[in-house]
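Undergrad: Sequence:
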Amino acid sequence: MTRLSSYLLPTEREAPADAEAISHKLMVRAGLIRQVGSGLWSWLPAGWRVHQRVVQIVREEMNAIGGQEMLMPVMHPAEPWRRTGRYEIDELFKLKDRRGAEMVLAMTHEEIVTGHVAAAVRSYRDLPKILYHFQVKERDEPRPRAGVLRTREFIMKDAYSFDRDLAGLEASYAKHIVAYDRMLDRCGLEWYRVESDVGMMGGLGADEYMAPCAAGENEVALAPGYAANVEVARAEAQAVALPAGRPAPEEVSTPGLTTVEAVAGALGVPEGALLKAYPVIRADGSMLLVLVRGDHRVNEIKLANALGAKFRPARPEEIAERLGPPGFIGPVGAEVPILVDDAIGMGGSASYITGANRPDAHLRGVEPGRDFAGERGDVRSVVAGDTVHGAAIRIEPAIEVGNIFKLGTRYSEPLGAGFLDEAGRSQLVLMGSYGFGPARAAAAAVEQFADEHGIAWPRNIAPFDVELVGLGKAGSEERELAERLYGELAAQGLDVLYDDRDAGPGEKFADAELLGCPARATVGRRTLVGGELEVQVRRGRESRSVPLEQAAERVAELWRSLP
RNA sequence: CGGGGAGUGGCGCAGUCUGGUAGCGCACCCGGCUGGGGGCCGGGCGGCCGCAGGUUCAAAUCCUGUCUCCCCGACCA
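If you count the first sequence from 1, position 47 lands on 46 in numbering that gives the first Met the number 0, and the numbers rise without skipping.
By construction, these hints were calculated from the structure, which means they are not laboratory data. Hints may contain errors.
[What the hints assert, rightly or not] Simulated crosslink set (SDA-like; lysine to any residue; CA at most 20 Å straight-line):
1. K95 with K128
2. K507 with Q535
3. K507 with M0
4. K24 with S41
5. K24 with G36
6. K93 with E68
7. K472 with R540
8. K95 with P72
9. K174 with L126
10. K93 with P72
11. K128 with K93
12. K472 with F508
13. K507 with R12
14. K136 with F153
15. K136 with R149
16. K136 with D125
17. K136 with G36
18. K93 with V135
19. K309 with G84
20. K174 with V135
21. K136 with E13
22. K128 with G84
23. K309 with P324
Take the sequences, apply the hints, and build the full model.
TA: Below, the structure is given as structure tokens:
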């Protein structure tokens, strides 16, 4: 019997002063987690039950697609990380053992799992495989934040698929989509699967599982039938009213007007009638002038993907040297290559305003194609109101709770994970990696369903199914009834937390609602007198009464009907 | 890494400017009352004021250094 009087559940009336996010405040207040250091958290018993419930759901769904659970260490020799080129990552914790050997603390486990596969797999007959584990990840995050939403140490379910060819990888990936869709549903979360960036390291495709909530660090662009991380989202830009064209560009004086807003205001045109010039320096040291509409922003991830290489913004002195005074630069006459965003209309009678590459001057009547030339590309960030298939998109903040990624040979190649096919030819294994963060899933559930009274857990990941509140003094008749009901509820398969503390009813109710078990049953004098048990559904806080003689069955039935 | 803020009892805070016996609310302990929404009365325990140096007759308070934490941004393979 889980008695609250002897359970470690230190609830707080007030949230920590430094907490911002709802999940941070409530998980601390409800006694689920406690901070140890920046980005380092302990899970107290009730919190750990939530985490374990998420873990079990994930485990069941991974097993259902043929995943094989294993366990790999957190501390690794540095060597395989050097081989894959990941030793240089700043977020990687590095240390030395007593002999001076270089070690790392794992951020993920591609190096190790691929090493095992490289050693064990010889033949196409050994493939495909899906291997996974739940293990601690260590990441030296520049800025941990918001309770368990972004931490330096956390448990991740990471899975890896190994296939002989692209069709096999696609099949493994499809299985993970099924598993992930199901685990997110079973966790009771609102979620989106969104297209995501494959990153600079390459990859054949990736999706992220996003749980929308205010504390989310990511943004997703959504329209009917469309969902993408704004890092990669593509959409039709909204039209903008452009000034009429002119026979040739014409200089206008714009003293001191270095921002799009200032120039548009002074000339009485919408910001979208300007072209924003964003000079970047590519890996080879050359400059590229990126142009986007004045009301748009350059999306550095899309730009990096379009260039297929890293770049950095140009420094003011580089801009001054190669183009003109920062704030007044533009494409006309520029002696550097130009990349023109797709949202900029080419040709036609309409025209844009651009910097003149001279102090305190802009040009109007600039027509792309006529007055300058450049390659085209989609390198801007979408904004709310852009359209996809004719429907306007909206942008929402969300927490990334899972991601799935077609790695290809990114790791099998440097680590030598190959096999022999039927023809006896040596081939590289095609890999996929699939992450899921139970702590983030739990925090997302708190974010999505909390109200002013506290947490309202989805049924499948609540710390307990039912909180049984025993009123009256210890040893009283109503307490005896409560203890009997505990046994009956447990016999129905319910996990029950029994509040047997010597505390007032108000405190018990407040704590129960803070902790947020999906149902609360109250046993007091009224229960004895009326012969009915009061049950409150946490989400919505509505109460109902069930006859005492069938109380356990009725509560179990009610519990099964909850979200 | 840039900007801002904070370390005083378990939690939330005041006191610091203007140096002079370390305070408040909640929590906790004991006794009693109450017993369906954080209830009431009485009595208690608990703090080297983040740490280290310095100034001073005297430092939570002034000076120097240092550590830690939070928020915003950058970053996040």
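Undergrad: Now tell me if each hint is right for this structure.
TA: Evaluation of the provided hints:
For a cut-off of 20 Å, the pair hint linking K95 to K128 is broken: about 33 Å separates their Cα positions. For the given pair, K507 sits about 13 Å from Q535 by alpha-carbon distance, which is consistent with the 20 Å threshold. Distance hint between K507 and M0 is fulfilled; the C-alpha atoms sit about 18 Å from each other, no more than 20 Å. Annotation: proposed proximity of K24 to S41 holds, straight-line Cα distance about 15 Å (limit 20 Å).
For the hint pairing K24 with G36, the CA-to-CA distance comes to about 16 Å; that is within 20 Å, so the pair holds. For the hint pairing K93 with E68, the CA-to-CA distance comes to about 27 Å; that exceeds 20 Å, so the pair is violated. For the hint linking K472 to R540, the alpha-carbon distance of about 26 Å lies beyond 20 Å, and the restraint is violated. A C-alpha spacing of about 16 Å is found between K95 and P72, which places the hinted pair at or below 20 Å, so the restraint holds.
For the given pair, K174 sits about 15 Å from L126 by alpha-carbon distance, which is consistent with the 20 Å threshold. In summary, the hint linking K93 to P72 is supported, as the alpha carbons are separated by about 15 Å, within the 20 Å threshold. Taking the CA atoms of K128 and K93, the gap is near 31 Å; set against the 20 Å cutoff, the hint is violated. In summary, the hint linking K472 to F508 is supported, as the alpha carbons are separated by about 16 Å, within the 20 Å threshold.
This hinted pair checks out: K507 and R12 have alpha carbons roughly 12 Å apart, not beyond 20 Å. With a CA separation close to 5 Å, the supplied pair K136 and F153 stays within the 20 Å bound. With a CA separation close to 12 Å, the supplied pair K136 and R149 stays within the 20 Å bound. At most 20 Å may separate the alpha-carbon atoms for a hinted pair to count; K136 and D125 exceed this at roughly 28 Å.
Proximity of K136 to G36 is assessed by CA-CA distance (about 16 Å); at most 20 Å being required, the pair is judged to hold. For the proposed pair K93 and V135, the alpha carbon gap of about 16 Å is at most 20 Å, so the pair holds. For the suggested pair K309 and G84, the alpha carbons sit about 16 Å apart, so the restraint of at most 20 Å is met. A C-alpha spacing of about 25 Å is found between K174 and V135, which places the hinted pair above 20 Å, so the restraint is violated.
For a cut-off of 20 Å, the pair hint linking K136 to E13 is broken: about 31 Å separates their Cα positions. Under the criterion of a C-alpha separation no larger than 20 Å, the hint pairing K128 with G84 is inconsistent with the structure, at around 25 Å. Restraint check for K309 and P324: the C-alpha separation of about 25 Å exceeds 20 Å, so the hint is violated.
In this structure, the earlier hints numbered 1, 6, 7, 11, 16, 20, 21, 22, 23 are contradicted, and the remaining ones agree with it.
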